[in-house]
Amino acid sequence: MPRTSRKSSEASFRSTTEADLKRHDAGFLLGLYRDMVRTRALDTRIEALYKQGKLVAGCYSSRGQEGLSVGSTAALRKDDVIGPMIRNLGSMLRHGIPMTMVLRNYLGRANGPTKGRDGSSHFGSLEHNVIAPISMLASLIPVMSGVALSFLMRKEDRVALTWIGDGGSNVGDFHEGLNFAGVLKLPFVLILENNQYAYSTPIEYQTAAKDFACRAEGYGIASSKVEGNDTLAVYEVTKEAVERARGGAGPTLIEARTMRMRGHAIHDDAKYVPQEMFDEWEKKDPIATFAERLRKAKILDDKIAKRIDDEVKAEVEEQTEDAFAQPPADPAHEIDEVYAP
Amino acid sequence: MPRTSRKSSEASFRSTTEADLKRHDAGFLLGLYRDMVRTRALDTRIEALYKQGKLVAGCYSSRGQEGLSVGSTAALRKDDVIGPMIRNLGSMLRHGIPMTMVLRNYLGRANGPTKGRDGSSHFGSLEHNVIAPISMLASLIPVMSGVALSFLMRKEDRVALTWIGDGGSNVGDFHEGLNFAGVLKLPFVLILENNQYAYSTPIEYQTAAKDFACRAEGYGIASSKVEGNDTLAVYEVTKEAVERARGGAGPTLIEARTMRMRGHAIHDDAKYVPQEMFDEWEKKDPIATFAERLRKAKILDDKIAKRIDDEVKAEVEEQTEDAFAQPPADPAHEIDEVYAP
Amino acid sequence: MSEITYLEAIREGMREEMLRDGNVFCIGEDIGTYGGAFRVTQGFLQEFGRPRILDTPLSESAILGASVGAAIMGLRPVAEMQFADFVANGFNMLVNFAAKAHYRWGAKVPMVVRLPSGGGTRGGPFHATNPEAWFARVPGLKVVCPATVRDAKGLIKSAIRDDNPVLYFEHKFLYRRLKDTLEGEVLVPIGRARVAREGRHVSLITYGSMVYHGMNVALELASEGVEVEVIDLRSLVPLDEETVLESVRKTNRVVVCHEDTKTGGFGGEIAARIAEKAFEHLDAPVRRLGAKDTPVPHAPQLEDAFAPQPADIKKALLETVAY
Amino acid sequence: MSEITYLEAIREGMREEMLRDGNVFCIGEDIGTYGGAFRVTQGFLQEFGRPRILDTPLSESAILGASVGAAIMGLRPVAEMQFADFVANGFNMLVNFAAKAHYRWGAKVPMVVRLPSGGGTRGGPFHATNPEAWFARVPGLKVVCPATVRDAKGLIKSAIRDDNPVLYFEHKFLYRRLKDTLEGEVLVPIGRARVAREGRHVSLITYGSMVYHGMNVALELASEGVEVEVIDLRSLVPLDEETVLESVRKTNRVVVCHEDTKTGGFGGEIAARIAEKAFEHLDAPVRRLGAKDTPVPHAPQLEDAFAPQPADIKKALLETVAY
Ligand SMILES: Cc1ncc(C[n+]2csc(CCOP(=O)(O)OP(=O)(O)O)c2C)c(N)n1
Ligand SMILES: Cc1ncc(C[n+]2csc(CCOP(=O)(O)OP(=O)(O)O)c2C)c(N)n1
Ligand SMILES: [Mg+2]
Ligand SMILES: [Mg+2]
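Chains as they are written, first to last, in my numbering: chain A, 300 to 640; chain B, 300 to 640; chain C, 1051 to 1373; chain D, 1051 to 1373.
Think of the hints as simulated: they come from the structure by calculation, not from any bench.
Some, not all, of what chain B presents toward chain C, calculated at C-beta under 7 Å: (1) ARG416; (2) ILE433; (3) VAL442; (4) MET443; (5) SER444; (6) GLY445; (7) VAL446; (8) LEU448; (9) SER449; (10) ASP472; (11) ASN478; (12) VAL482; (13) GLU636; (14) ALA639.
Glycine is no exception: its CB is placed at the ideal position from the N, C-alpha and C atoms.
Extracted from the complex, chain A is given alone in its bound form (with noise of 0.2 Å):
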């Protein structure tokens, strides 16, 4: 039997209406559907790319992913503080990360963002109020209260906000992360992208909760469900966790569910999900299913989308170029920036 989703009501999941959508700015609707498109265009040249043997290593996809990282960051403002995780390419785009960067990482350059010391997207810039990750998955949450605690002590009305999978919230990290952050009533979002599988292991495996979002009551946080492929949902409801995180409510976690439609990475044919499973899913792609709303709302027709992809397009060969126009890293200053001078 192919899963398809929680056993969750499925009412609970917020999604938004075409009267929702009129309700907001055609440049700001642009503006989402523009990250996504953006988004998918690099994540489909990194695999490119990859094919092509010119990375250093492999890569991860958000293919399908892409509006709950578009739409999330797109409630924050640019002081905001994110720690993305390897499937928010599109929330480091939002946030204002060149593709560049992404790619000199994965091309694992001298001037890239880690000098070609760590690899994917798998860096942070400060710069632009990104915080890299590690590996270890649920490990941003305790970190991201923290960053959420230095706006508690500065009294800056700055909000944190970070993502974990469906696999990674049974970390004990994010148990002692959300606790922390709830007796703090820190300026914290965490988005839990349950997208039904965590590697091969479907969320059957990884739980015998209902859902993860009531998980919340057990820190005293506000929590909510969310379509994470409606990008315009995601948008709302971290809209609505932001402001709580904002006015001093405290911090929100907040389920999007979704589907990851490539293996865990590159070299991962995900053969473990039933084919319906992802066809199912493929009808729900959030780029297509928004492009399509545009339309019906006369936001969007050809002339804007190609006008767009093109800019796209340019955008990615320039920036790509730009990235393998930048030297390899040196070994010569390996062992230089171990410690901060």
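Got chain A sorted already, so can you dock chains B, C and D with the ligands onto it with the hints?
Relative to the frame of chain A, chains B, C and D with the ligands by itself:
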């Protein structure tokens, strides 16, 4: 403002009535009473030995929580396995650990259960189906899940039970262990002893959750709440949980409300606890209130009470003497047993 | 008899023990349906079924903690860390629970933790470390690091039969690179080093991936007239000190080498023991070789500059011989 | 100027830095109302209030993780582990997040972790360990182990001002045992060892509680005509190798000693460096002294047999001199 309890509705914490009491066999009820008296007597003796400078180091009292340990352990079969924490002296005694074993350990004797290598009630005995804790709180939760896993693998109808404090429940292992047990539907029961404080830290600084039992939902497991000083109620909810576990219906998290009536350890005068709080909880003393109920039900009278007291006194005397008669730990064998042969 | 790889040898060893002893079971992330990130347990789910092959939630501390509990009850869990690096998340269970149980209260903890470790595969800071020294310093744990196909099989079997917690570091670089033909029951005792190559000019004390590189270098040097004795420790705890000292007493010159970072790596322990116990036999300083004291870098040219390369080993050996 | 204890010196150092820099804050279990399990932060809540003095839930990984996050944002957290032993529960945050951030992406992590460690107080297997070697092998972390009242104060202040994660091991045995009078601004640079006593017959390289015992032994031996040079490392990372080597070049004989268990303790690293870099200067084997390779036992007679005692140090020094 002295705090007296969690914010969650009073009614939801189970307690028993006189009718409930009557459903039980008098011998069984007197057994509970007796084991509580034994626990307090041993606890009191250990405190006295400390004051006489006879212990190797400090000691931890479970005064005021005897009913919780005894009542919950009474719900088990002897072949069920417990993982007692530092305030579960009563569980150890009820599960068959002789007093001298505890005393020998407090006195660092060569033929105590740890041969002087560890102290206090920090020991286990496979012969008695008791697993030793480590100091790192909540570590026992995954470990006892593993004990329960062994029952599942071997198709044994045994149950694993352990306890955790309001403080310790915020360690990541609580989350990992309970979630693991939940997904495998393990025969596992966890009793959260909410005794209002973790060392000097009141529960408000431990979590913003309205109670601890609600965390069960996040793992898809059963839960219940009980007045921890109502020994019979503790017995009953534990019994239900144990039967659920034995029947294959998976783990239960039980929150028991009680009060730590001493400092964290003997050196701690607990000045940070409002006196009113001690006063109020003193009235709910599990032994005094249970005795009172037994008397009302004509199960206990002065004569029986005296007989039990005398027997227990004699037991403590004899066991203490026995412990003192043992040789001190012997450094000659110090490095012998780091590894199993 | 056909050739099998180092990786297949681990699988074979586990499978044989699973068949031999019903108490043995496997536990870890993605080890069932997927057969493990490196496919070490491929086919096991089909053969042994659930729960003996147990796909777990993403929870290292639960995996290790549950293994401790099951082991105390007499089962023999073989836990897989998806990468050795992730053991940092379940560290406490090993160093405090598993390691101290027997000493404290006589409880046996017959569990194995498999840790795919090491670099050379561009894994970067979190997928390429060699964390064995964290554990080799913990009384109560045993630590083995197989470097050959035979030892991969023989040590996993011995680890499973051991009544103590054994950390089994399997090197990712060797997984598919090494091949050998094994016949009959292969059991390799824990705590016994192997003279991988005899020589008289200098001893190379090493383990893990550096045995592979060291043997190649020794071969090359032999053609240049320098006879290197290569000692493959195989087991760090217990350490076969006598085989090490014997070699040093014979060659009077020694290089200690590992892929782990140099400062605080287990090579310090080995060098210190040699310096103390074979002082009179040393004609040259005990030379130590390890990776640079940085996290493991990702880009190939950086990783190669980070970890000891054959050329570095050769240079150290020649300098020690020439001293 | 009145005398203060080692413990008070830590408190004074922290307090001065709290007053000097509004970015400094304290975080840990029971550090506010209670003033910490050992009362190091006594009075801080009254003086600095919440949230600068932050009583946390019982969650080591959250304490350390939140410290990392706050530090990356430019604050300067001083996190307390109630006992050093409990750092095992937040291990990953230190070795993977804090240690690697600057190398990976240039983020400074100016945090201090205070770790009340060591034995002599009958703490047993979980309240008396010396876990410094786990961290001294992790590139990106700094590790200091003050052994005097002056260094307790001077190093906590330097640690707080350092832009890297610094693990500050404060020894429980020394807390109230050491007293001294300090005047003026006390700042002790991280990475510089201290010649605690000059001598010419043998060098004792040590740190932490063993400095205390070592100095007593040295005094005793002086009256017997043996002049011991005592080097108090103070900082394990960065290690002041030059001061160590200089002493060895002068005395030609050396004992390395720590309270931590011997196998895999940091003494191996030090001995290995001496053996490699001062080979020509050694008139005797580098002698190593550490605790027995067992968990820390609880009962007094066991703990005393476990950890190096003054008599053991004396014996090792005399044997090394007599070699
Ligand atoms: C603590 C930890 N254990 C194991 C891994 C190895 N690992 C990397 S990704 C992954 C699956 C993650 O699943 P999920 O959290 O659902 O995120 P998704 O990949 O589905 O977005 C695993 C097991 C890890 N990164 N961290
Ligand atoms: C992981 C961990 N951190 C810190 C400690 C130190 N410590 C011992 S008991 C205690 C308080 C425990 O409180 P709680 O869990 O509520 O149990 P109680 O003592 O109230 O029964 C603390 C902080 C510990 N034992 N383990
Ligand atoms: Mg997932
Ligand atoms: Mg409590």
